[in-house]
Amino acid sequence: MPRLTDARKELRRTQIAEAAVRCFSRNGLKRTSIADITAESGLSAGSIYAHYRNKADLVQAAARETLDKRDGTISEYAAADAPPSPDELLSRLIAAIDPAEARVGVQTWGESTTDPAIRDIVADTTDRMRAMVHDCVTAWLVKVEHHDPPHAREFATPIAHQVMALYQAELLYTALRTPAEETPS
1 MPRLTDARKE LRRTQIAEAA VRCFSRNGLK RTSIADITAE SGLSAGSIYA
51 HYRNKADLVQ AAARETLDKR DGTISEYAAA DAPPSPDELL SRLIAAIDPA
101 EARVGVQTWG ESTTDPAIRD IVADTTDRMR AMVHDCVTAW LVKVEHHDPP
151 HAREFATPIA HQVMALYQAE LLYTALRTPA EETPS
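full-length UniProt numbering applies: residue 1 is where the sequence shown begins, and numbers increase by one.
If you are wondering where the hints come from, they were derived from the structure by calculation, not from laboratory data. Backbone N, C-alpha and C fix where the C-beta goes; we use that ideal spot for every residue, glycine too. Among the clues, some could well be false.
[Claimed, not checked] No more than 30 Å apart at the CA atoms, straight line, and that leaves these computed lysine-lysine pairs for DSSO-like: (1) 69 <-> 9; (2) 55 <-> 69; (3) 9 <-> 55; (4) 30 <-> 69; (5) 55 <-> 30; (6) 69 <-> 143; (7) 9 <-> 30.
[Unchecked claim] FRET-style restraints, in silico, Cβ to Cβ: (8) 87 <-> 177: 18 to 26 Å; (9) 15 <-> 81: 35 to 43 Å; (10) 145 <-> 27: 41 to 49 Å.
Modelling step: build the complete structure from the supplied sequences, incorporating the hints.
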């Protein structure tokens, strides 16, 4: 049997994580089984387990997959000659919210209150997202508002916190107003 290349392995992992997000969005974290993810992905259970040890690994992969999408976009914003203002950054982040990902995010937050492994995932992804937002706000303060970098980094901290809080509120709102039955799969 031929071995998978690293690129194929990564593609397969992404395929499985995306299938898991769709299942988690429809059924919830607790009610989704590996069999559901197997059926959704079109792969065998052996293939799933070759890439992920268990459902917790899939939850982590789904969270990271979503964050990686935001990472590239926010990094591009920060690198621009004129990064977006905090208001514009928030508007862009909100416009990019996927209802299925929002539902999975909210479910993950709920699970984090009782599951230490999930709590670590949520804390890590939230910290990474806040750091990316902080970097983008800092870049805006330096490049557009012409603050000196040390002052800009300090001044960006509470702004990034507010942008994150508003973004998370919008994620919750999106998750609550968009039932799984109403969204395309």
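Taking the hints in turn, this is what the structure says about them:
Annotation: proposed proximity of residue 69 to residue 9 holds, straight-line Cα distance about 19 Å (limit 30 Å). Among the hinted pairs, residue 55 with residue 69 is consistent with the structure: their alpha-carbon atoms are about 21 Å apart, no more than 30 Å. Distance restraint check for residue 9 and residue 55: the Cα-Cα separation of roughly 18 Å lies within the 30 Å cut-off, and the hinted pair is therefore satisfied. Distance hint between residue 30 and residue 69 is fulfilled; the C-alpha atoms sit about 25 Å from each other, no more than 30 Å.
Restraint check for residue 55 and residue 30: satisfied, since their Cα atoms lie roughly 10 Å apart, inside the 30 Å limit. For the suggested pair residue 69 and residue 143, the alpha carbons sit about 24 Å apart, so the restraint of at most 30 Å is met. Straight-line distance between C-alpha atoms of residue 9 and residue 30 comes to about 27 Å, which keeps the hinted pair within the 30 Å bound. The supplied range of 18 to 26 Å is met by residue 87 and residue 177, whose beta-carbon atoms lie about 22 Å from each other.
A hinted range of 35 to 43 Å holds for the C-beta pair residue 15 and residue 81, which are about 36 Å apart. Range check, residue 145 to residue 27: about 46 Å between beta-carbon atoms, so the 41 to 49 Å window is met.
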